[in-house]
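Student: As a plain string of letters, each chain reads:
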Amino acid sequence: MVADATQTPVFDLNRQKIGATYAKALLEASESAGAVDEVLAELGSLVHDLIAKHPGLREAFASRLVSHDERAALLDKAFAGKMHPTLLNFLKVISRRDRQDCLFEIEAAAVRLRNEQLGLVAVLAKSAEPLAADSIARITERLEAQMGQKIVLSTKVDPELIGGLVLQINDTVIDGSIANRLRQLKRETMDTAARQAREAMSRFTSS
Amino acid sequence: MKFNADEIASVLQKEIANFDTQVDVREVGHVLEVGDGIARVYGLSGIMAGEMVEFPNGVIGLAFNLEENSVGVIILGDYLKLKEGDEVRAMGTLLSVPVGEAVLGRVVDPLGNPLDGLGPIDTTETRPVEFLAPGVSERQPVHEPMQTGIKAVDAMTPIGRGQRELIIGDRKTGKTAVAIDAILNQKDTGVKCFYVAVGQKDSSVAGVVEILRKYGAMDYTTVIVSGASTPAPLQYVAPYSGTAMAEYFMFNGQHALIVYDDLSKQATAYRELSLLMRRPPGREAYPGDVFYCHSRLLERSAKVSDALGGGSLTSLPIIETLEGEVSAYIPTNVISITDGQIYLQPDLFFAGQRPAMNAGISVSRVGGAAQIKAMKKVSGGLRLDLASFRELEAFAQLGTELDDATQLRLDRGYRLVELLKQGQFKPMTVDQQVLSIYAGTTGHLDNVPVVDVLRWESEYLQFVEEKHPTIAQKLLETKDLTDEIRSMMETAIEQFQAIFVPTPEKAAL
Numbered sequence: 001m002v003a004d005a006t007q008t009p010v011f012d013l014n015r016q017k018i019g020a021t022y023a024k025a026l027l028e029a030s031e032s033a034g035a036v037d038e039v040l041a042e043l044g045s046l047v048h049d050l051i052a053k054h055p056g057l058r059e060a061f062a063s064r065l066v067s068h069d070e071r072a073a074l075l076d077k078a079f080a081g082k083m084h085p086t087l088l089n090f091l092k093v094i095s096r097r098d099r100q101d102c103l104f105e106i107e108a109a110a111v112r113l114r115n116e117q118l119g120l121v122a123v124l125a126k127s128a129e130p131l132a133a134d135s136i137a138r139i140t141e142r143l144e145a146q147m148g149q150k151i152v153l154s155t156k157v158d159p160e161l162i163g164g165l166v167l168q169i170n171d172t173v174i175d176g177s178i179a180n181r182l183r184q185l186k187r188e189t190m191d192t193a194a195r196q197a198r199e200a201m202s203r204f205t206s207s
Numbered sequence: 208m209k210f211n212a213d214e215i216a217s218v219l220q221k222e223i224a225n226f227d228t229q230v231d232v233r234e235v236g237h238v239l240e241v242g243d244g245i246a247r248v249y250g251l252s253g254i255m256a257g258e259m260v261e262f263p264n265g266v267i268g269l270a271f272n273l274e275e276n277s278v279g280v281i282i283l284g285d286y287l288k289l290k291e292g293d294e295v296r297a298m299g300t301l302l303s304v305p306v307g308e309a310v311l312g313r314v315v316d317p318l319g320n321p322l323d324g325l326g327p328i329d330t331t332e333t334r335p336v337e338f339l340a341p342g343v344s345e346r347q348p349v350h351e352p353m354q355t356g357i358k359a360v361d362a363m364t365p366i367g368r369g370q371r372e373l374i375i376g377d378r379k380t381g382k383t384a385v386a387i388d389a390i391l392n393q394k395d396t397g398v399k400c401f402y403v404a405v406g407q408k409d410s411s412v413a414g415v416v417e418i419l420r421k422y423g424a425m426d427y428t429t430v431i432v433s434g435a436s437t438p439a440p441l442q443y444v445a446p447y448s449g450t451a452m453a454e455y456f457m458f459n460g461q462h463a464l465i466v467y468d469d470l471s472k473q474a475t476a477y478r479e480l481s482l483l484m485r486r487p488p489g490r491e492a493y494p495g496d497v498f499y500c501h502s503r504l505l506e507r508s509a510k511v512s513d514a515l516g517g518g519s520l521t522s523l524p525i526i527e528t529l530e531g532e533v534s535a536y537i538p539t540n541v542i543s544i545t546d547g548q549i550y551l552q553p554d555l556f557f558a559g560q561r562p563a564m565n566a567g568i569s570v571s572r573v574g575g576a577a578q579i580k581a582m583k584k585v586s587g588g589l590r591l592d593l594a595s596f597r598e599l600e601a602f603a604q605l606g607t608e609l610d611d612a613t614q615l616r617l618d619r620g621y622r623l624v625e626l627l628k629q630g631q632f633k634p635m636t637v638d639q640q641v642l643s644i645y646a647g648t649t650g651h652l653d654n655v656p657v658v659d660v661l662r663w664e665s666e667y668l669q670f671v672e673e674k675h676p677t678i679a680q681k682l683l684e685t686k687d688l689t690d691e692i693r694s695m696m697e698t699a700i701e702q703f704q705a706i707f708v709p710t711p712e713k714a715a716l
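Line by line, the protein sequences give chains P and D. With the working numbering, the residue at position 26 of the first sequence is 26, and numbering never jumps. Add 207 to the 1-based position in the second sequence for the working numbering, that's all there is to it.
Pulled out of the complex, with its shape left as it was, chain P reads as follows:
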């Protein structure tokens, strides 16, 4: 079995760079074909619904044991007519260039670039429990009012937060989680107790 990077989505700076370049090309190509959103949606579905969920397909697509011609034939057989021709061509290009392993990065970069073009800001909301639909709507509304920009909200469940909400906008994290408050409380009480003990040790001891 050939080890390939798509099996374990490890963060790799080089693949990020390559992904950004290919994503830009894909966006421009689909723009001239006049079907940016369609191509992006199909790519997203291909990556997240198909490749991520079917390891066998992933291997067939990414393995270097399969030659380019075989893979192109496979792509044609599987997707011709069902997929936008621009995306199909793009898949053949990355197959010829041996960049199949960067598909995840390409998809992420394409979404990011598209958001930038449309003036959208990606926000990740983390909570301990899955968020209800109306709270997602309220969060989106509030954030849009605050930032004066349209946002795309994605959610993630992280039980370690205990409660509350953590919002991540690019590299800025707004942390309102219970876990973080407990950490703060711990630090402050420890500091105060240590300071007071230093000032008057006799208060805490009886000899």
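Hints listed in this document are in silico derivations from the structure and should not be mistaken for laboratory results. Keep in mind the model is a prediction, meaning the values are calculated, not measured. Check each hint, because a few of them may be wrong.
[Stated by the list, open to error] Okay, the calculated beta carbon distance ranges per label pair:
(1) E144/P to E308/D: 50 to 56 Å
(2) S135/P to A216/D: 52 to 58 Å
(3) Q149/P to G495/D: 48 to 54 Å
(4) A41/P to T228/D: 24 to 30 Å
(5) R195/P to G495/D: 41 to 47 Å
(6) S63/P to T228/D: 23 to 29 Å
[What the hints assert, rightly or not] Subject to a maximum C-alpha distance of 27 Å in a straight line, what follows is the list of computed DSS-like cross-link-like pairs (lysine-lysine):
(7) K290/D to K156/P
(8) K583/D to K186/P
(9) K686/D to K628/D
(10) K186/P to K288/D
No residue lacks a Cβ here, since even glycine has one placed at the ideal position from N, Cα and C.
Add chain D to chain P, keeping to what the hints say.
Tutor: Below, chain D alone, put in the same frame as chain P:
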């Protein structure tokens, strides 16, 4: 002693009741890779060079390299507990250390954490570790002497307050000893001392601390330690943080002395960091900005103008050479930055001349401005005399017949060399130095056997102290070699010569 749990609980309860929750806003990144004291971090897009970052276990880092896709961070602490994917948080501040009177008498690490087990450092004031050196208009020329208490140094390469004098030499030539003597001699002068130990064995640092404590110098001294076992980033930062602590006194109108022991090890640590960060290597694999690394450090030593309080920061950087090679990269760099150097030589050291200072190539570019007038007058020709003596000495070894004048110069030279020997931890006051160097340069020792010179000196100084205390008083008062003092010294020497008993010839051999 019993702990009172109720009292502790009540303090905690009060704290919890008053706890004000704030939503925490922070800029974050994620660790891509960690190793050898550096980390590569993805994210942190708004970070600035030199900004502090915090790792999950509370370890502090410094943004060192800002690259297109990642940030190179140097880790000031234990990097073994960090792992890939850890959240790194920008702190929005520059690295700073505690400063003030509270740091005196302490042994601290480069971040200002105590290492001596004497409890926390009780101060609220801090200063940034990296600080711009005072500019031209904020300075004034160096004019006050900073006595090291070592005859050879104070007479031939005088150091002024605000000067940077390099101590350079091979290993085991007494470099640290010169610096420690200079610290010991600052007792009762109000000069605060800082000893920065970079990349040293912890045992030798413990030895230094012990000596400082024994001679009562720890009262006004701070020791900043980054030993050989600490990661390179801490060794790189140590001199800067020591300087930040010393600068506090300079900018408050006081005087400080800082010893960097030694800068070659700091340069090595910086080289390690830079190579790990993939900065291009230059000569001897040092990065291109290793000169700037030292120049920005040493430029912070200054004598500031009276408008700013007239404080000063004197520095004694130490550089270790290999086989006397002063033309290596780091030695030439630091020689060109400093205002002079004290060059210590192993052959002199093993010949018993301690301090093993080579008078010919040791210089002080501040010169006479940093000496009192009396010292300037008695030591005027000393350096040249010694240099010509060294020449003659080499010549005389060929066994040629010498005329009387040459023989006299040789005899004088032998005695001057002997007179400049000085025991470790025995600093001399400036009046004592003037008394003994005067006796040497005016030829009063020419008839004293060479082996007796040091005994003659110590007995003579004792004699003057007991019989002619006015000489020292007058010297300290006028600071000049007036005719009156000169004649008093002549009579004192005359009286002493009459009672001095030289070692019998046989014993001398």
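Student: Is the hinted pair K290/D and K156/P satisfied, with a Cα-Cα distance of at most 27 Å?
Tutor: Judged against 27 Å, a Cα distance of about 22 Å means the pair holds.
Student: Compare the distance between the alpha carbons of K186/P and K288/D with 27 Å, and conclude whether the hinted pair is satisfied.
Tutor: holds (21 Å)
Student: With 41 to 47 Å as the target window, see if R195/P and G495/D comply at their CB atoms.
Tutor: Between R195/P and G495/D, where Cβ atoms are some 46 Å apart, the hint holds.
Student: So the hint says 24 to 30 Å: do the beta-carbon atoms of A41/P and T228/D match that?
Tutor: violated (41 Å)
Student: Using the C-beta atoms of Q149/P and G495/D, is the stated range 48 to 54 Å upheld?
Tutor: violated (42 Å)
Student: With respect to the beta-carbon atoms only, verify the hint that E144/P and E308/D lie 50 to 56 Å apart.
Tutor: Since the Cβ atoms of E144/P and E308/D sit about 54 Å apart, the hinted range of 50 to 56 Å holds.
Student: CA of K583/D to CA of K186/P, is that 27 Å or under?
Tutor: violated (64 Å)
Student: With a cut-off of 27 Å on the C-alpha distance, tell me whether K686/D and K628/D pass.
Tutor: holds (24 Å)
Student: Per the hint of 52 to 58 Å, is the separation of the Cβ atoms of S135/P and A216/D within bounds?
Tutor: violated (38 Å)
Student: Holds or violated: the 23 to 29 Å window for the beta-carbon distance between S63/P and T228/D?
Tutor: Violated: the Cβ-Cβ distance is about 52 Å, outside 23 to 29 Å.
The structure shown violates the earlier hints numbered 2, 3, 4, 6, 8.
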